[in-house]
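A.B. asks: In order, the protein sequences belong to chains H and E.
Note that my numbering has the first sequence beginning at 1, numbered continuously upward.
Note that my numbering has the second sequence beginning at 233, numbered continuously upward.
If you're looking for bench data, these hints aren't it; they were derived computationally from the structure.
Some hints could be false.
For the chain E half of the interface with chain H, some residues (derived, Cβ under 8 Å), not all of them [claimed, not checked]: (1) E267; (2) M268; (3) A269; (4) V281; (5) C285; (6) F293; (7) D300; (8) M306; (9) E307.
Label pairs and their computed distance ranges (CB to CB) [said to hold, decoys possible]: (10) E:G291 - H:I166: 38 to 44 Å; (11) H:G171 - E:R273: 16 to 22 Å; (12) E:K304 - H:I165: 38 to 44 Å; (13) E:L292 - H:G129: 24 to 30 Å; (14) E:N310 - H:A122: 37 to 43 Å; (15) E:N310 - H:F132: 24 to 30 Å; (16) H:V157 - E:M306: 21 to 27 Å; (17) E:K302 - H:G129: 29 to 35 Å; (18) H:I165 - E:N310: 42 to 48 Å; (19) E:V280 - H:V112: 29 to 35 Å.
We treat Cβ as the ideally placed atom computed from N, Cα and C, and that holds for glycine.
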Amino acid sequence: MKKSWWKILSFVLLTYTVVGGFLMDVPRLAILNESIRNLYFHVCMWFSMMILFIISVVYSIKYLSGFDYKNDIYAKNFAKLGAFLGILGYATGAIWANYTWVADQNQSLASVLKEPKLLGAAIALLIYGAYFVLRSSFTDIDKRARISAVYNIFAFVMLFPSIWIIPRLVGSLHPGAPGSDSGNPALNFKDIDSRLRMIFYPAIIGWTLLGIWISTLKIRLELIKDKNLLNG
Amino acid sequence: MANKKRNLYLQCPKFIGCLLFLILNLPTFAQDKPEMADVMRSNGKIYVVVAVCLTILIGLFVYVFALDRKIKKMEKDN
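Just chain H, with the same shape it has in the complex:
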């Protein structure tokens, strides 16, 4: 029970997210209308994905500095859950875009497909997809761990141009593009309403903790399975 305080915290924060996210007041915005509440769900998926990828790359570096097989298992499972949350972010974004950009803003399919954040996120997820393909193509576990740890660092570095830099340089339908003269829409204090921030930040922490929790479950299961391998 001592160690599980953050699991309870995750539950409390997500309960607060659902209750506060639906019931509390939000700014009245054109086009977005009530769908601004998706900020507590869709955007949080991407934030949790980034945090899980950061944890994953830390374990990959740890693996390379000591060649402890455990760290490889950690890195793999955090990356797996990060990619899963990324896919959820993509799916929720598709629904949201359909009702705001396509239906209300009359954007053509071409302009939605040209959206740099969509392309960047797709590239980033595909690079992580290649990480899992690379892992599964090795039969030798030491070789697999070593090469995929190096590749994981490359995949993480590719996040910088694909989802953080390029979408902010070119025009985008997302907030935070050059046209809307703001940096990071989610973290810029001038851009995001204080009413939204009150739920948005706890929601990020809650979703991230849930992601970490699920990945530690997978890690623990794998460690039990590989116990003979690790000790022998």
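Start from chain H and add chain E according to the hints.
C.D. replies: Okay, now just chain E, sitting in the frame of chain H:
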């Protein structure tokens, strides 16, 4: 007298026209404020949505907690 009558006759439609114009414009004034799900909030249906989402969330957490306990037991047995 006839002049006055003519004036009234001329002005009345103008006045009614103005009034009509205002009334017809009211919906557009209302649209200046972006439309929100205020009805859903006032009739309390939003609580139904919150209850459904909370049930799913609690169910999810119960499941993950049960998995956690199962794995803890396996770790002890090993």
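A.B. asks: Compare the structure with each hint and give your call.
C.D. replies: Okay, the hints, checked on the actual structure:
1. Annotation: interface hint on E267 of chain E holds; nearest CB of chain H at approximately 6 Å, less than 8 Å.
2. Using the Cβ-Cβ criterion of 8 Å, the hint placing M268 of chain E at the interface with chain H is satisfied: the shortest such distance is roughly 5 Å.
3. Because the smallest distance between the Cβ of A269 of chain E and any Cβ of chain H comes to about 5 Å, under 8 Å, the interface hint for this residue holds.
4. Against a cut-off of 8 Å between C-beta atoms, the interface hint on V281 of chain E holds, since the closest Cβ of chain H lies about 6 Å away.
5. Among the interface hints, the one on C285 of chain E holds; its C-beta lies about 5 Å from the nearest C-beta in chain H, closer than the 8 Å criterion.
6. Interface restraint check for F293 of chain E: the shortest CB-CB distance to chain H comes to about 5 Å, inside 8 Å, so the restraint holds.
7. At about 6 Å, the closest approach between the beta carbon of D300 of chain E and any beta carbon in chain H falls short of 8 Å, and the interface hint on this residue holds.
8. The closest approach between the C-beta of M306 of chain E and any C-beta of chain H is roughly 5 Å, which is under the 8 Å cut-off, so the hint is satisfied.
9. For the restraint placing E307 of chain E at the interface with chain H, the shortest Cβ-Cβ distance is roughly 6 Å, inside the 8 Å limit, so the hint holds.
10. Hint check: G291 of chain E to I166 of chain H, Cβ distance near 40 Å, so the stated range 38 to 44 Å holds.
11. Checked against the hint of 16 to 22 Å, the pair G171 of chain H and R273 of chain E fails, with Cβ atoms roughly 35 Å apart.
12. Between K304 of chain E and I165 of chain H the Cβ separation comes to about 43 Å, which falls inside the hinted range of 38 to 44 Å.
13. Hint check: L292 of chain E to G129 of chain H, Cβ distance near 26 Å, so the stated range 24 to 30 Å holds.
14. Between N310 of chain E and A122 of chain H the CB atoms are about 41 Å apart, so this pair conforms to the stated range of 37 to 43 Å.
15. Under the hint 24 to 30 Å, the C-beta atoms of N310 of chain E and F132 of chain H, about 27 Å apart, fit the expected range.
16. Our hint of 21 to 27 Å for V157 of chain H and M306 of chain E is violated, since their Cβ atoms are close to 37 Å apart.
17. In this structure the hint that K302 of chain E and G129 of chain H lie 29 to 35 Å apart at CB holds, the actual value being about 30 Å.
18. Distance hint check: the CB atoms of I165 of chain H and N310 of chain E are about 46 Å apart, consistent with the given range 42 to 48 Å.
19. At about 32 Å, the beta-carbon gap between V280 of chain E and V112 of chain H stays in the expected band of 29 to 35 Å.
Of the numbered hints given earlier, the model fails hints 11 and 16; all others are met.
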